[in-house]
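Each chain is listed here by its residues.
Protein chains: 2
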Amino acid sequence: MRRQACRLYNSLIKYLEVDALYVLKIGGKILDDKAKLKAALADFAKIKTPKILVHGGGKRANELCPKLGIEPKMIDGRRITDAPTLEVATMIYAGLLNKTVVSQLQALGCNALGLSGADGNVIQAVKRPVKTIDYGFAGDIVQVNTALLKTLLQQGITPVFCSITHDKAGQLLNTNADTIATSIAIALAGEYAVQLQFHFEKKGVLMNPEDEASFLRSLTHSDYEVHKASGIISAGMIPKLDNAFAAKSAGVASVKIAQTEIL
Amino acid sequence: MRRQACRLYNSLIKYLEVDALYVLKIGGKILDDKAKLKAALADFAKIKTPKILVHGGGKRANELCPKLGIEPKMIDGRRITDAPTLEVATMIYAGLLNKTVVSQLQALGCNALGLSGADGNVIQAVKRPVKTIDYGFAGDIVQVNTALLKTLLQQGITPVFCSITHDKAGQLLNTNADTIATSIAIALAGEYAVQLQFHFEKKGVLMNPEDEASFLRSLTHSDYEVHKASGIISAGMIPKLDNAFAAKSAGVASVKIAQTEIL
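Quick mapping for you: the protein sequence lines, in order, are chains A and B. Residue numbers are given in this note's numbering: position 206 of the first sequence equals residue 195, and the series is strictly consecutive. Residue numbers are given in this note's numbering: position 53 of the second sequence equals residue 42, and the series is strictly consecutive.
These are computed hints drawn from the structure, not numbers from a lab. Being a predicted model, the structure only gives us computed values, none of them experimental. Wrong hints could be hidden among the right ones.
[Unchecked claim] Using C-beta positions, here's what the derived DEER-type ranges look like:
| # | chain 1 | residue 1 | chain 2 | residue 2 | range |
| --- | --- | --- | --- | --- | --- |
| 1 | A | Gly179 | B | Glu201 | 56 to 62 Å |
| 2 | A | Asp129 | B | Lys191 | 54 to 60 Å |
| 3 | B | Val131 | A | Gly220 | 56 to 62 Å |
| 4 | A | Gly145 | B | Lys191 | 52 to 58 Å |
C-beta atoms are modelled at their ideal positions from N, C-alpha and C, and glycine is treated no differently.
Next comes chain A alone, as it looks inside the complex (with noise of 0.2 Å):
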């Protein structure tokens, strides 16, 4: 019945002609190991439909906050951006990290640009309201400006989002990766058929997390409530898949976690 409705709505796209628009967000697990980074940057260069790569941040920014003095600080597992955190976080997001990515994109032939939210203003955030915990310069997006991306795609660019955003009056945030994959996803979904791709270091959502096996084929958002009630589904995962099923929700025509379809 799903596949049914999946070749319907792929025969609808193609129908309607609707591009399609492939956006994948990579994590910090593959920017730390060279040959990885390698390998995910030349099967996604290889996609012909018009696409947008999303990276996190990885182990440099941790190793570089120590050299320079600073202690990183975190409160439930989350980190806190103080103004020299967010230093760091620029300098390794969007300089070391970005044009790294850029560059080695530029060399397979994908005409790469790099970004941040600040550029062209594309992604704005406001600084995260202290309730009780006070996050620091964590921006949480409050608008994303397709124009610009729809220009860019158009002349076959490739953009390229480190996950640093702004405020739009000259403070600069820092931004979690998986959340700008699903707010351009989301942006995007009304003029494009997204696929939305979240890369993991699993084959994809386990029922055990010792057992690679124990991956699903497909989680619907009930199963989720189930699985995450009994334990099964637990911290980390969870605000990952919360953007997965937001994503779904909003109409991204496909929602995946390595190969876990999210329904």
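Got chain A sorted already, so can you dock chain B onto it with the hints?
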């Protein structure tokens, strides 16, 4: 006579309906001083014509290197860019400085977008060939791709360049910011009436480095040769003036070093 020629040129530009384009280069001395940077960006943001900003480095990279155990290498007053130094340059120039400038311009209502030469393959360079000195990962520009720049300018976007380029084969390269500004101005001179302005901490080219009042209102190439031969113009000014005269002779409409008009 010169004024008449200038007026004639301006009338011709107007008649031919060639768009004006302002290219400003700012250097480390401004980037290192928050108040000066703010003032320079406020002035720049007010300019109504299409515009491009190119920024240099500043002391942040020099400060970061020793903290990371990287010793600055200089030969004949020129920095040698080894691999660790290139990483630091990429972090600081393409990351911290570029995004700081972009976010401040965005706050001033200027729709800035940061670029390295790798982004959209806008500036392709080649690793400087080793003759007597190996400059390491220093890039000599071979091509400025104007199509993307024109698209961005037409959309009301202000490109903001850092001094990092690439070789299109996966290697980032460190490139002099004056040379980047000059190359961009020359590449666009065929389609815009380009005004190239080098920001400079002095009033202009000085006949006596100790006396600000000795600045020249204009400088011809033959006078430059005379002053160079007599030692009045020396050392650090020579590459800057070589760039300025190269721009002028390649058809850039107006070239100024602070208040000194290059003729």
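Do the hints match the structure? See the list:
{"no.": "1", "hint": "A:Gly179 to B:Glu201: 56 to 62 Å", "result": "58 Å, holds"}
{"no.": "2", "hint": "A:Asp129 to B:Lys191: 54 to 60 Å", "result": "45 Å, violated"}
{"no.": "3", "hint": "B:Val131 to A:Gly220: 56 to 62 Å", "result": "59 Å, holds"}
{"no.": "4", "hint": "A:Gly145 to B:Lys191: 52 to 58 Å", "result": "44 Å, violated"}
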